[in-house]
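Chains as they are written, first to last, in our numbering: chain H, 1 to 934; chain F, 1 to 89; chain W, 1 to 420.
Wrong hints could be hidden among the right ones.
[Claimed, not checked] Example chain W residues on the side facing chain H (calculated, C-beta under 8 Å, incomplete): (1) W24; (2) V27; (3) V72; (4) P91; (5) A108; (6) N128; (7) V141; (8) V144; (9) P173; (10) T317; (11) A321; (12) R335; (13) R413.
[Said to hold, decoys possible] Which stretches of chain F does chain W cover? Using the computed rule of at least three CB atoms under 8 Å from a CB of chain W, they are: (14) 7 to 21; (15) 37 to 49; (16) 71 to 77.
Quick caveat, the hints were computed from the structure, so don't treat them as lab data.
Even for Gly, the Cβ is constructed at its ideal location relative to N, Cα and C.
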Amino acid sequence: MSGAQGSSRGAQRLGEVVDRNRTITFTFNGKKYKGLEGDTIISALTANGVKIVSRSWKYHRRRGVMSGNYHDPNCHFQVNDEPNVRGAHRRLEEGMVVSTQNVSPSLKFDIGAVNQKLSRFLTAGFYYKTFIKPERLWPTYEKVLQRFAGGGKVAATGHHVPADKRYAHPDVLVAGGGPSGMSAALSAADAGSNVLLVEEEYELGGFLRWGTADELAVAQSLREKVAAHPKITTLTNAVVAGRYDQNWVSVIERGLPVVMESLIKVRTATLVAAPGLIERPYVFEGNDLPGVMLSTAVLRLVNLYAVKPGERAVVFTGNDSGIAAAEALRGIGVDVVQVVDARHGGGLVRATSSRGVLSGVELSDGSKVLCDLLVVAAGWTAPTTLLNLSGNHPVFDEAGARFVPGPDLDDTVFATGGLVGDGTIDEILAHGAAVGRQASERATNGSVTTVAPAFSPDPHLPLFFGTTKGIVDFSEDVSSKDLLTAAHEGYNSVELLKRYTTATMGPAQGKLETINTVAVLASANGESIEETGTTVWRPPYVPITLGALAGRSYEPVRYSPMQAWHESHGGINIVAGQWMRPEHYGDAAKEVSTVRSGVGIIDVTPLGKFELKGTDVTKLLNLVYVNKWSKLEVGAVRYGVMCGEDGVIFDDGVTGHLSEDRYFMSTTSSGAAGVYAHLESWLQTGFPEWDVTITNVTSAYASINIAGPQSRELLSKLVSDVDLSNEAFPYMNLRTGTIAGVPGCHMWRIGFTGELSFEIHVPAGFGAYVWETLMEHGADFGITPFGLEAQRIMRLEKGHFIVGQDTDGVTQGFSAGIDWLIKLDKDDFIGKPELQWQHDSGAGFRLVGIHPNDPKQVPTEASQIVIDGIIQGRITSSRFSPTLNRSICLGLVVPALAVAGTVVPIRLPNGTIIQGTVMEHHASYDHEGAKLRG
Amino acid sequence: MILIPCPNCGPRNSSEFTYEGENKERPNAATVTKAQWRNYLYLKNNPLGWTTETWYHSSGCKKFLVAERHTMTNEIRSTKALGQQGGAS
Amino acid sequence: MSRNKPVKYSALGLFKRGLSGKEWPRVWRDVDLKKTYDVVIIGAGVHGLSTAYYLAKNHGVKNVAVVDRAYVGGGGSGRNTAILRSNYLTPEGVRFYDRSVDLYRHLAADLNFNVMFAPRGHLTLAHNDGALRTMRWRAEVNKVQGIDSEVIGPEEIKKLVPYMDVSDDTRYPILGALYHPPGGIIRHDAVNWGYARAADAMGVEIHQKTEVLGINTAGGKVTGVRTNRGDVSAPIVINCTAGWATLIADMAGVKLPIITHPLQAAVTEPVQMFLSSVVVSGSLHVYVSQTDRGELVFGASTDPYAAYSMRSSLEFTEELAGHVLELMPSISKMRVLRQWSGLCDITPDFSPIMGFTEVEGFLVDVGWGTYGFKAGPASGEAMAQLAATNKTPEIISAFDLARFEEGRLASERGAAAVGH
Ligand SMILES: Cc1cc2nc3c(=O)[nH]c(=O)nc-3n(C[C@H](O)[C@H](O)[C@H](O)COP(=O)(O)OP(=O)(O)OC[C@H]3O[C@@H](n4cnc5c(N)ncnc54)[C@H](O)[C@@H]3O)c2cc1C
Ligand SMILES: [Zn+2]
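Put together the whole structure using the sequences plus the hints.
Put into structure tokens, the structure is as follows:
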């Protein structure tokens with residue numbers, strides 16, 4: 001392994017987080033290594049002297065630790081079956097299998113590295129300018145480009161272990177558990193608010209954790225206070241990932257047992273953003289060599305993990321963080337050969353390499369210094385993401401050389417800590433405390449009286465890029481040269497530049513690279529950074545697994561109370577909207593013939609069922625149905641069709657008159673929810689003065705249709721309090737009575753199949769019992785249960801259309817063959833004007849019965865009727881009818897073809913044309929309805 | 001997730017509601033012209049700014065309500081119940 | 001008139017400039033806004049830019065300004081998921097989108113800009129028999145018009161998408177799919193830039209950061225526009241502003257049957273290629289494709305309420321993740337990297353509105369909803385012809401504004417109800 005030597009773990013550090021007594025074994029690219037408990041993958045690799053940890057995306061340049069935090073673009077690994085693991089954040093686990101992504105064949109020898117040699121030709125956006133001709137070769141070029149796709153691998157099989165989500169409703173949510181965040185949490189909690197404190201790292205403390213003894217002591221005392229406070233809930237290794245409208249906030253908890261991450265959805269009264277600062281890289285030649293690290297990466301490695309990141313260090317700094325890093329390095333025994341302080345005129349020209357790793361630096365005074373570690377401290381980026389997502393526009397702070405929150409902050413969102421300014425620990429704590437109090441005030445009584453002390457960035461040198469060119473976006477391999485070229489070409493606004501070069505589009509989403517991108521662009525345009533402006537930060541703050549976002553599926557399936565019976569009696573399920581129901585019990589054709597000759601029962605529980613009560617129900621019915629309802633006697637039922645205001649059919653069903661002011665409405669299964677909302681909408685928004693109450697009783701009743709010539713005989717065995725004779729209980733009537741000892745059952749003499757039939761609605765709890773009793777008593781008649789398929793065949797034989805199958809999104813009333821039903825002489829009803837106009841114009845397709853001339857041919861549903869190359873209609877339903885022993889269809893055709901006897905060409909999916917004849921009736925079976933009325 | 005203050009239920013996530021859109025007066029069906037009717041069917045103001053619209057608390061009290069919402073910020077500055085009490089509860 | 005001397009893009013050119021270090025010329029010029037143009041096009045999205053391009057190329061109308069208040073492709077054209085297909089439901093739609101896909105096929109060569117059209121195949125899954133019937137319906141309509149489109153079963157789907165769970169014990173079993181081999185994805189920005197560059201080279205002016213604040217009319221005719229950079233007069237003004245279309249039309253006193261709904265999208269971190277087809281599930285309201293960079297790009301249906309806000313929502317990612325894992329459960333450890341949102345101009349019949357309005361010279365090319373990127377070339381070609389000849393080309397005659405009042409809707413509800 002390149003650069004691997006013995007352990008470079010130094011002496012005990014004060015803030016060390018590793019447990020030296022617990023060793024963990026893991027492999028990296030197949031080789032075994034040892035680390036300590038508490039190590040991250042990166043600290044362990046560094047401790048083992050591994051310097052080159054990855055290859056870059058485009059040029060396959062060798063890369064080492066750079067920012068040393070979660071966002072480090074160089075530290076993405078495949079860990080077991082998980083791609084893109086953040087190695088500078090993820091802790092080691094025993095037996096972890098870690099490997100480099102995106103190399104071939106190996107990290108050491110990576111063939112893609114030839115791209116480095118070609119880099120002058122592969123400038124950003126080069127692919128837009130080439131591979132243009134010949135067109136047919138682009139797919140081949142594309143395959144080659146795809147080989148450079150970054151990232152790890154996902155397996156083709158494997159299951160999604162549902163990670164349960166939860167909700168939280170704190171008064172104050174604090175994002176970031178550094179000193180300002182802890183201070184804000186404590187003061188908000190002291191003011192009486194319930195606080196949720198979320199910290200991305202494994203421990204509270206923020207930058208204090210890699211600080212001095214004093215800083216460590218402050219962190220410890222704050223941690224203790226937070227832990228002891230009853231009103232603060234703390235989550236570590238968790239991150240506030242997004243802020244959405246009205247403080248709807250996503251929090252990701254990581255490192256859970258079994259599932260990797262889970263989502264907490266937080267509605268918080270106020271949000272305090274205290275994410276601290278992110279150190280920004282500095283752009284110069286060689287800035288991506290392994291061995292060039294940001295000062296905070298060094299501070300972490302040394303002070304948290306007691307790891308020596310090198311032997312001979314040069315520090316280039318524009319602030320105190322570089323000085324602190326130098327001190328830490330000396331403390332662990334690294335030879336700090338030179339500190340180049342930009343504040344005192346020091347400058348960095350380039351880093352040089354030997355065997356792909358850093359070997360020295362060239363300074364602006366012309367000197368060259370040998371080193372294997374270059375520490376860079378060029379300044380800070382304030383991660384304003386959460387504020388941005390709250391509608392805030394960051395502004396450039398010239399003095400502090402960074403973008404800071406703008407003045408237009410939402411009044412339920414607050415910011416503190418490094419995001420806002422620099423200061424001593426006391427100043428930070430004071431600001432945090434004041435902001436915490438403000439957040440609590442806003443959360444509880446609404447008005448903010450606390451005044452936060454002034455707090456702003458300290459002056460900082462504008463160190464973005466040096467005199468030589470280097471990498472700006474490490475994850476995308478975009479150099480400052482790429483940016484300058486693109487800007488000069490005309491991609492000269494931040495938005496165009498970012499899209500053209502892909503700078504800031506990679507996994508770090510601009511946290512490390514945006515400011516340098518903007519700075520380079522500003523220089524190309526000869527503008528200030530402020531004029532150039534910054535890009536919009538988009539959620540999430542850090543990437544979230546699909547698994548956490550998905551959680552557990554809450555899309556329930558509905559079953560009738562008889563489902564268990566169906567399943568244990570050979571019922572084969574079909575998904576029907578929300579419902580699962582039997583399609584058939586083995587042989588649909590046989591089910592049909594049994595029903596036609598004897599009796600069968602079907603579970604129709606999914607039908608929508610509503611009880612309508614009140615003195616104005618008929619008004620409602622007259623409004624929503626196209627037909628008339630005023631004269632419906634008690635005990636009678638009627639078929640109705642509902643259209644929308646555009647005259648398009650949207651549901652049909654039967655409604656019965658139970659008693660004086662009670663009605664029972666049934667709708668299609670899939671239309672139930674829509675019809676309910678539709679009725680309520682008209683009642684509440686159109687006619688609030690009407691006295692109608694609607695109760696959805698869809699699942700209060702189990703519904704069974706008993707169909708077949710022997711259905712009356714069967715039902716009479718179980719009913720004694722209702723006279724079922726044709727005279728006493730004719731077709732299109734309903735009665736309420738007792739079935740098999742179950743009182744309160746509705747019995748309707750209707751059916752979709754065309755046979756004598758009774759649709760019964762039984763209190764749901766007795767559904768299974770009544771079903772079984774029917775089956776038992778029906779045994780003598782050779783009863784069969786039948787499923788959806790048999791019903792579909794029989795309804796087609798009978799010529800009943802199905803809304804949504806034989807009609808579509810533009811089928812108006814007069815297209816469906818229900819001219820007899822539509823009563824244009826009614827005062828008003830929904831869709832009436834459109835139906836009137838359709839009636840007058842005769843426009844629109846017409847639904848007709850069609851018999852293929854070859855009775856054996858069943859044209860696939862949706863087969864087109866094409867004449868002279870123009871579509872003139874289509875088959876909407878087709879089946880082989882076991883009753884007629886021939887194929888039968890319904891179809892929508894242009895009016896000219898809707899004449900009985902017309903022969904139409906039907907184009908089958910394979911292109912064959914067959915002939916069909918338009919029939920006089922939709923029904924192919926008993927079109928007079930003698931059977932129904934029997 | 002915007003928060004909609006239901007006059008019956010208090011503030012609830014918008015995922016509990018069905019959006020019905022801009023309020024629109026239904027023309028008199030007896031006298032309406034095609035142009036007027038299709039204007040009613042298809043034309044909306046679609047403003048950038050405050051709009052008055054109907055929402056249906058479909059996974060809640062099942063009441064329709066009228067809200068004033070800003071189409072840029074999604075801020076809701078008022079909601080009121082529609083019509084009378086009564087109906088399903 | 002200053003003209004941008006076009007320099008040909010080619011591998012050889014790249015090589016030469018790589019050696020010499022010579023910079024490429026600007027993609028398009030920055031010029032001052034003139035006082036008068038023959039045509040002013042509002043919106044530098046794919047529709048505005050392609051209209052300008054074809055005006056110059058096919059009709060020699062070059063005194064054209066494309067004005068945009070933001071930047072080239074700053075609207076939907078730079079935010080979409082770049083899916084191209086022509087397997088629509090209405091014969092008019094199929095014919096129109098097919099023309100567009102055809103133009104896209106040769107666009108790279110036409111514009112001398114690699115737009116990376118990858119016809120990787122497009123699958124629309126059906127999870128219930130109703131959806132399967134609709135797929136069959138589309139396939140049959142498509143075939144009548146000569147479009148490569150067929151319904152395939154789960155085994156074939158599995159061959160095309162090995163990561164797909166086609167077992168039948170899932171909540172939403174996959175019963176089949178509409179397979180459309182010519183469908184695919186393209187690099188949207190490249191299309192926008194390519195059109196802008198090629199139009200500019202012919203003399204068309206592109207004016208970014210130029211916001212239209214008003215439309216000037218006199219006697220029922222358009223006379224020009226008011227912008228933040230001054231008034232501009234023109235006898236023809238074309239509204240190509242998609243999500244903002246009604247705001248612009250309102251300025252001319254024209255009412256459009258359009259509601260603006262946000263549509264969101266998201267992208268994951270890259271992983272090695274494993275998905276070549278574009279996969280759409282209407283019932284699950286999700287679609288997904290993998291870019292050449294290895295990222296999965298997701299889309300879904302529009303946000304449930306009208307808005308001009310382009311802020312993202314959490315529930316969008318929650319739902320899409322849940323649904324995509326129904327389809328491909330093994331990818332649950334992939335991470336969503338970024339989400340964004342754009343505005344869609346939704347019409348009542350999910351078909352566009354192209355053509356004349358009651359204000360003479362004020363033309364519209366709007367109503368592109370969730371599906372308009374793929375239409376860019378064909379609509380640009382047709383709108384250019386319409387503007388140049390003052391006659392509606394046959395290919396867009398079904399999509400006129402008058403159809404709503406006249407009750408001639410071109411309903412694509414069945415094919416376009418889910419985003420893209
Ligand atoms: C997330 C998402 C995914 C999508 N996926 C697909 C897909 O896969 N396939 C597909 O075919 N379609 C897709 N679409 C739809 C497609 O993006 C749009 O239909 C298409 O881009 C519209 O192009 P356009 O040129 O008409 O408008 P836009 O590209 O939106 O351009 C309109 C322009 O008008 C400008 N403008 C607005 N107001 C003014 C003013 N007052 N003055 C000056 N300029 C103004 C805007 O700045 C904008 O640049 C998607 C859309 C979104 C949002
Ligand atoms: Zn409510």
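Just to make sure I understand the rule, a stretch counts as covered if three or more of its residues have a C-beta closer than 8 Å to a C-beta of the chain. Does the region 37 to 49 of chain F meet that for chain W?
The restraint on the region 37 to 49 of chain F holds, since 9 of its residues have a Cβ under 8 Å from chain W and three suffice.
Under 8 Å is the threshold here; is the Cβ of W:W24 close enough to any Cβ of chain H for the hint to stand?
holds (5 Å)
Let's test the interface hint: is any C-beta of chain H closer than 8 Å to that of W:A321?
holds (4 Å)
Should the interface hint for W:P173 be scored as holding, given a Cβ-Cβ cut-off of 8 Å against chain H?
holds (7 Å)
Given W:R335 was flagged as interface, is its beta-carbon under 8 Å from a beta-carbon of chain H?
holds (3 Å)
Taking a Cβ-to-Cβ distance below 8 Å as contact, does the region 71 to 77 of chain F have at least three residues touching chain W?
Result for this restraint: holds, n = 4.
Restraint satisfaction for W:R413 [CB to CB of chain H, less than 8 Å]:
holds (4 Å)
Regarding the hint that W:P91 lies at the interface with chain H, is the smallest CB-CB distance below 8 Å?
Interface hint status for W:P91: holds (6 Å vs cutoff 8 Å).
At a threshold of 8 Å, is the proposed contact between W:V144 and chain H supported by beta-carbon distances?
holds (6 Å)
Quick check on the hint: W:N128 CB to chain H CB, less than 8 Å?
holds (5 Å)
Hint validity - W:V141 Cβ closer than 8 Å to any chain H Cβ
Since chain H brings a Cβ to about 7 Å from W:V141, closer than 8 Å, the hint holds.
Holds or violated: is there a CB of chain H closer than 8 Å to the CB of W:A108?
holds (5 Å)
Of the numbered hints given earlier, the model fails none.
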